[in-house]
Structures are given as structure tokens and as C-alpha cells.
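Asks: Sequence:
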Amino acid sequence: MAAFKHVLSRHAAPVVPIMIFLLALMARWPDGAFLTVDEAYHWISLSKRFATALSTGNFADTFYFGHPAVTTLWLGIAGHWMYETLSTPEIISESRDAFYPLMRLPAVVLTALAVALSYPLLTRLFGFHIALLAALLWTGEPFLVAHSRLFHMDATLTSLMTISLLLLLVALEDGKRDLSRSPWWIGSGVVFGLALLTKSPALLLVPVAGLAALLRQRESIHDIRSGVRALIRCAVPLCVWGGVAAVVWVALWPAMWVKPVDTVQRVVNEIFFDGGAPHPWGNFFLGRAVDDPGPLFYLVAIAFRLAPWTLIGVLLWIGFTASEGRHAWNGSNRWLLLLACFVVLFVAAITVMAKKFDRYALPVFPALTILAAAGICRSADVVWRRLTRVVVVPPQRIIEAGYLFAMVGLAANLLWYHPYYLAYYSPLLGGGPVAEQVLPIGWGEGLELAAAFVASQPDGRDRPIAVFYQSVLHPFAPAGVAPLQAIRDPRRVDYAVTYIDQLQRNTRPELHQPFRRLQPLHTVRIHGINYAYVYQVPPPVAQPLNADFGETIHLLGYNLDASAIRSSGALTITLEWHARAPVDADYFLFIHVLNDWSERVAQIDVPLDTGRWPSRMWRPGRCFSTLHRVPLPPDLPAGTYRLAMGIYDPHTFARLPLRADGERVGEAGDHALLLMRITIP
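Each number in the working numbering comes from the position in the sequence shown (counting from 1) with 1026 added on.
Read the hints as simulated data drawn from the structure, not as lab findings. Check the hints yourself; a few may be wrong.
[Said to hold, decoys possible] Ranges of calculated distance between the beta carbons of each label pair, as one might list FRET restraints:
#1 D1087 x H1444: 37 to 43 Å
#2 P1683 x V1460: 39 to 45 Å
#3 A1437 x A1680: 57 to 63 Å
#4 P1306 x D1631: 55 to 61 Å
#5 S1651 x P1459: 33 to 39 Å
#6 A1261 x P1115: 51 to 57 Å
#7 P1484 x R1592: 33 to 39 Å
#8 I1103 x A1315: 34 to 40 Å
#9 E1350 x V1378: 27 to 33 Å
#10 D1087 x I1297: 17 to 23 Å
#11 P1306 x A1261: 39 to 45 Å
No residue lacks a Cβ here, since even glycine has one placed at the ideal position from N, Cα and C.
Could you build all of it, start to finish, from the sequences and the hints given here?
Replies: Written as C-alpha cells, this is what we have:
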């Protein structure tokens, strides 16, 4: 092992961070496959507004939420600039497929750069092997990759908090310098300021920094008095660390230049009132809609979101550490213990808050990959020692093969889930199908597939799609979108989409009530999870009926145009159908007009065809309208007539069996339904 490390350090050490950056960038390379809710409703438009506020000097208008998301907005400005720079001279086309990747790219680069910058810090703290394996696990952890490819705050916050935390540990490891003068300590403060500008949970680094400052004083603590003095001495480095962060906070947030007190107050309100209150649309946990999922939520969510090898590695590290007892604090394991303390502190803090989503736990995932790398390396070392007692193994080749296997395995896992890394749930716990019953799922991914299905239908581009998340679906819907309640007016929309997020959390149940009576036309399923359901909105029916022809075709009712029977010389009738199962043949429809003496005075026999959809193409869940004109004899006497109808196979003339609540017309033969009685003047 030592020989392998020596060879790598001498020849490839300067290249390793670059290679890690490129690997992380490739894994996170953005696309426009789908749009998340927060991107659609907040960050893309707000970054444009942020740029406008800066250019016009309206600095007060750079505050939008108490998050505060300032680094995200700066990255958004870079994304907008790249798109405008490339699209204006027509280097790239102005399109959704070009815009969304470029909007996401600056944040992607930042998160990939964070992995590469962490590698030398990890090498200094834990040595080459743990550092390299941790960087690879971080690069390929699906939950981290999923959020790192998006234009949002959580991945940026995660990257900045982890860099700041590692710089704190390096400052502790460098015991020769006073903390307040350590470049590592000051650098940690700078990055902490950036993290705090991203999202308020970065404040949880403060107790970690305090613990780090106190640990530097541990040798001087002998009793209560010396302990108090040590605490006082911690004030200086903490003030330096926090002061540097405060300078960054003020320098990069223009709202602080003009309204500092109001800005800080609103951030505090966000932390205590918004974060401390349940989500207004509710939540979901363990199979039911809830306001607050409770204390077990993050433990379950983290277990489901971690890759199996990461979870196993963390458990291995815990086992080794527990077996060492009081000696666990020795060597580099002390820094791992501090990382574990950060994980426990962070998870405990966000558990107290009523508003919970799995992505809020994202900042602990890099720390967990580091712990996992330590556990795996310790286990590999134990196996190696036992193996070399039995056989002679060339160490360099085995280690190279191990790292190659790790990279290939991580890459294969990511390729399998591309681009829907948000749908990744640990196969150890049952994957997506089990997670769907346990955790809230869905952030907009999958809606674009629902839009693609609608667009592929012959009438899918005619009218808007009714959906709850209109802004998310709109870029992918050729005819636009409408609110979900538009299904109350079937003339406005043809299709509606319901989404797992609202169904799990029971959001606006009155909007979803009508769909309980309908069969979905299409289900969007991603990695075992039913994300979205596409329904065809039933057409308006003036005269409802309830009749089944065979096992497949259901008659909903009809609409009759009786305004110009004499002038046009025909009856014009629209029949509304619903397919209960796949229709496997081209059927014919007959309509007979019978007088009072049961004589047939007019009839039509026509294909059961909408013009776009012959009956053999009718699929379950879909509604169809067929328009028919029944010519009448010019000398037809005034009176009351009966309309009988049925469906038959044109090859055998066998009629489909009729089951109906309404009246049958025996004079028209078997399986003939009395459609209506009509008086012709």
C-alpha cells in the first residue's frame, strides 16, 4: 500500500484533484430533461429580477426570502449571462433545451469544484486512500448528484458547508498556529459566510466552530476555573471566524447595504416562523398525509437516500470506532468523530423544525461519504492483512483494480438512473416502490413525461393540459397549461395530469375528487414509482346514458342537434364513448329510426370511428366522440319516432352484447338500445 501511495503521490498527485473535478462535473452535467417546482416558481425568475435590481441600483429589491439564497441568485445571473451571450449571436438556438442546462451550469461547476477542493483537505486529514475513496463516493452519491444538477440552494449549501467544515478541521490539525491567525480558520469563515448567504441552516456550523475552538484549549483545562478561562479564550478566534463571515455576508448582499436591520430581521423571522411551521400543503410519512412527519423522518429518509455502499461503510466505521472505546479519539479518527458530531447535530436540529423534506438533510451526505470511506478502508485493510497471510498478492495491482471497480460501479449506478437521480432510493430498503409508501416523493420530475404522452396523442396539441403545477409543465406542453380545476369545463381542456406529490400529501383534495371516478389513460412510472397519472377529461354530455356494448365499449350519452331537422333533412347526433378495455376490432355502428308502427323509416350503418381514432385504436380510460348524420326521407310525416342503435362486427354481422339500464328495442333486433324518442314537426 505504501509503495502504491508513493507512486501516486509522486507522479499523479497534482492531477488527482483535476481528475476528480472532471469526474464530478461529468456526473453532474446538467440537462433540460425536466424542471423542478422551485426552479419553475422561484429561482429562474428571481435571478433575473436580482440582476435587474443590481443594474438599476434598486438594492432593496434583492431580498425575496429569508433563506436568503443570495449565492444561488448570483449563480443564476451567471447562467442568464451565458445564455444571452451565446444565444444573441446565434451560437446556440433560443430554446428550452439550451436555456435550462446553462442556467444550471454555474451551480453545477461550483458543486463539482467543491468535491475537487475537498480532496487535498481530506488527504491532509485522513491520508490518501480515505481521501480518494471519499471523493469518489461523494462524486457518485445519487442523492448528491440529483440536487447538484439543479438550480437550487441545497446542493450549493451542502458544498459550502462541507468546505467550511473541512477547513475548520485542518485548522485544528495545524496545531502550530493560533486559530485566529490561521489561514485555514479564516478561509473557513469566508466559506461559512457564503454558506450563510445561501441558506440559514449554515448557522449550525457555529456550534461546530465553537467546539473546534474549545478543543484547541483542551490541554489547558484542568478544573472549572481553567475551563472558564478556556471558554473566554475561544471568543477571539470565534469573533474572527464570524467577523470574516459577516464581511462576506454584507459585501455580497446588496440588501444589506441599504436596509441592514430589516434584512436581518426578516431572515430571523424566516428561521423561526417559516421553518418552524409545517408546510402549508402538508406532508407525507409512513403511508399517510401529516402536518409534521415527526422525529423519525430524517433517519428513515437518510437511510432510503444513501447508496447501499455508503450506508454499509458508515456502519462499518461506527463498528470500528465503538470497538476502540476510549482510544477512538486517537489519530485522524478524532476528525471523523467531529464529522459524526456535525451529522448528529445537524440532523437533530432540522428534526426539531416542523417543516421537513429529505433534501433538507443534504448537507450531512458528504460527511457520511467520508465516514463511509473510512469504514471501507479500515475493512479493506483488515481483509488485506488476512489475505496476505495466505497468498502473495501484488499490492499495487489489487489497489488499482479496487479503485477501478469503485469508479465503474458508481458510474454504472448513475447511468442506470440518468437523468432521474431524484428517483433513487436504496435497493437495500426496497427502492422506489417501498419509498413511495413511506416518504414524500416528487419535485416536478416526471411531469414532462406526462406532457410528452399527451403531445403524442392525435388531439394532444389542440388544447391546454390541466395540472396543479402549471409552471413546471408549461415548458413541455405544446398547447399550454390550465389550472386543475379547468376540468369542470370540459370544453376548455382535453387532458388532465395528477401528480404524486399532491396525492400523497392530499393537497387540495376537492380538485382530485373527480379523478376517483376515472381510469387513468397513462401512468408515468420511473424506477418503480408512479409519478403522474394522465386522464382524458370526459366531454360534456347533454343526455347521459349507461350502456355497455361487450366488455370494452361504454356509452356515456349523447348530444342531439334538433334545431334544423327539417331544413337539413337529417338528424345530427354526437355519441360519447368510453373505452373500458382495449378494443381489438373495427366495429360498425347502426342507428335505426322507427315510427309508431315499428317500421324502419331511416337508418345508417357506419364505422365506429372518430375520424382520428378507428375503434381498433381505442384504449382503456380514453373517451371518444363520434358525430353522425342520419338522413331522413323528404316526405317523412310529423310525429314521434324512436332511435335505436347497436354495434356489430362488419365481417360476421354479430352484434356486441348489450347491457344497459335503459330500454331495448326488440323491433330493431337483438342488442339494440333505445337511444331516445324524438318528435319531428
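Asks: So, for every hint listed, does it hold in this structure?
Replies: A quick look at each hint next to the structure:
no.	hint	result
1	D1087 x H1444: 37 to 43 Å	holds (38 Å)
2	P1683 x V1460: 39 to 45 Å	holds (43 Å)
3	A1437 x A1680: 57 to 63 Å	holds (58 Å)
4	P1306 x D1631: 55 to 61 Å	holds (58 Å)
5	S1651 x P1459: 33 to 39 Å	holds (37 Å)
6	A1261 x P1115: 51 to 57 Å	holds (55 Å)
7	P1484 x R1592: 33 to 39 Å	holds (35 Å)
8	I1103 x A1315: 34 to 40 Å	holds (38 Å)
9	E1350 x V1378: 27 to 33 Å	holds (31 Å)
10	D1087 x I1297: 17 to 23 Å	holds (22 Å)
11	P1306 x A1261: 39 to 45 Å	holds (41 Å)
Every hint from the earlier list agrees with this structure, and none is contradicted.
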